[in-house]
Amino acid sequence: MPTCSVSVIVPIQAYTPFLEESLKGTISCLHTGMELVLVDERMDPRCQPFVNEALTHPQVRMVKARGAGLVNGLLTGLAAARGTYIARMDADDFCLGDRFAVQQQYLDANPEVGLVSCRVRYGGDPGKNPGFARFVSQVNDLDTHEKMESKRYAEAVVIHPSVMFRRELLNMASYRERNEMGHAVPEDFDLWLRWMHQGVRFAKLEECLLVWNDWEGRLSRSHPAYAKRAFREAAAEAFVSPEGRPIWICGYGRTVERRLVPFRRRGWKPAGYLALIPELRKDTLPVITPAEAGQLRGKALLLVMVGNVKGKRWIQNFLDAESFTEGQDYLWMV
Numbered sequence: 001m002p003t004c005s006v007s008v009i010v011p012i013q014a015y016t017p018f019l020e021e022s023l024k025g026t027i028s029c030l031h032t033g034m035e036l037v038l039v040d041e042r043m044d045p046r047c048q049p050f051v052n053e054a055l056t057h058p059q060v061r062m063v064k065a066r067g068a069g070l071v072n073g074l075l076t077g078l079a080a081a082r083g084t085y086i087a088r089m090d091a092d093d094f095c096l097g098d099r100f101a102v103q104q105q106y107l108d109a110n111p112e113v114g115l116v117s118c119r120v121r122y123g124g125d126p127g128k129n130p131g132f133a134r135f136v137s138q139v140n141d142l143d144t145h146e147k148m149e150s151k152r153y154a155e156a157v158v159i160h161p162s163v164m165f166r167r168e169l170l171n172m173a174s175y176r177e178r179n180e181m182g183h184a185v186p187e188d189f190d191l192w193l194r195w196m197h198q199g200v201r202f203a204k205l206e207e208c209l210l211v212w213n214d215w216e217g218r219l220s221r222s223h224p225a226y227a228k229r230a231f232r233e234a235a236a237e238a239f240v241s242p243e244g245r246p247i248w249i250c251g252y253g254r255t256v257e258r259r260l261v262p263f264r265r266r267g268w269k270p271a272g273y274l275a276l277i278p279e280l281r282k283d284t285l286p287v288i289t290p291a292e293a294g295q296l297r298g299k300a301l302l303l304v305m306v307g308n309v310k311g312k313r314w315i316q317n318f319l320d321a322e323s324f325t326e327g328q329d330y331l332w333m334v
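Mapping of the sequence shown onto full-length UniProt numbering: position 260 corresponds to residue 260, and the numbering continues sequentially without gaps.
Keep in mind the hints are simulated off the structure, nothing from the lab.
Computed from a prediction, not measured in an experiment: that's the story for all the values here.
Treat the hints loosely; a few may be bogus.
To be verified - For lysine-lysine, the following DSS-like pairs were computed, each having C-alpha atoms within a straight-line distance of at most 27 angstroms:
| hint | residue 1 | residue 2 |
| --- | --- | --- |
| 1 | K299 | K269 |
| 2 | K228 | K310 |
| 3 | K310 | K128 |
| 4 | K282 | K147 |
| 5 | K128 | K151 |
| 6 | K312 | K147 |
| 7 | K228 | K128 |
| 8 | K64 | K151 |
| 9 | K151 | K282 |
| 10 | K269 | K282 |
| 11 | K269 | K228 |
| 12 | K147 | K310 |
| 13 | K147 | K228 |
| 14 | K64 | K24 |
| 15 | K151 | K312 |
| 16 | K128 | K64 |
| 17 | K128 | K282 |
| 18 | K24 | K147 |
| 19 | K299 | K282 |
| 20 | K151 | K24 |
| 21 | K312 | K299 |
| 22 | K151 | K228 |
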């Protein structure tokens with residue numbers, strides 16, 4: 001049974017130049033009835049002085065991860081958590097404002113919402129890392145459940161360390177390292193998909209309550225669970241084909257075929273392709289051009305599997321001009 005209002009879970013492994021400020025900022029956001037659970041994931045000894053200082057605060061405690069890796073650390077933290085609500089935070093990011101209280105108040109006032117996030121400030125160099133900066137901007141724009149649901153297969157619709165969710169959601173699904181076929185999956189993207197599939201409503205506050213620091217040691221830059229193929233594994237497993245509607249693929253070529261591998265592994269194949277240049281395929285599946293795409297509107301679902309920025313922009317403009325409705329006529333895929 002929960003014995004406090006909010007448990008904030010923070011795994012600690014690598015030493016980061018942001019650790020001291022991150023821990024102090026997180027502690028400053030704790031109100032009466034909240035706790036901070038630090039998880040020792042075989043942490044770098046250089047972290048110890050800052051952790052020791054944090055542990056002098058009466059609302060902070062530490063548990064040792066039951067196994068290696070982030071997922072084991074998160075599961076250990078969740079098992080130790082006493083809160084009605086679970087908040088995530090990373091030891092290289094910064095809380096802003098009165099984050100935990102604001103998110104708790106929102107969940108208290110909106111019982112139909114299972115998870116609440118917030119806008120996030122990019123804490124990096126947009127000039128050096130335009131892709132990460134663009135990702136943060138795109139996620140911030142997904143400010144309703146409907147927008148997040150429409151983009152759920154394309155990207156993580158909330159930034160992991162920005163979320164707070166109801167404890168009971170863990171009875172539906174929790175973090176995992178691998179899917180049912182044994183393939184690595186990103187623990188957050190995978191969990192958001194499984195919760196949405198079970199009808200959990202997401203919300204995103206207008207307030208910016210987190211600085212998401214981007215630096216060379218960030219786990220999402222190096223761990224194989226965050227490779228594109230891992231995201232595609234999670235998306236393919238979670239994808240539900242609409243009954244009675246054929247699925248067409250927007251995109252063509254070797255890159256698209258690679259994206260389809262996890263779908264084909266599950267015995268699924270498309271009804272046809274939408275491409276700039278029509279081609280005859282050995283499998284005889286039809287390939288149509290944008291000029292013929294109108295025949296699909298309202299009758300089929302397009303899965304857009306184009307990755308480059310210019311191509312995405314062109315396709316979005318085309319779909320808008322042809323009055324295709326996102327979430328109904330087409331979905332962007334990772």
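Worksheet item: Can you give the numbers of the hints that this structure goes against, from lowest to highest?
Response: 4, 8, 9, 16, 17, 18 and 20
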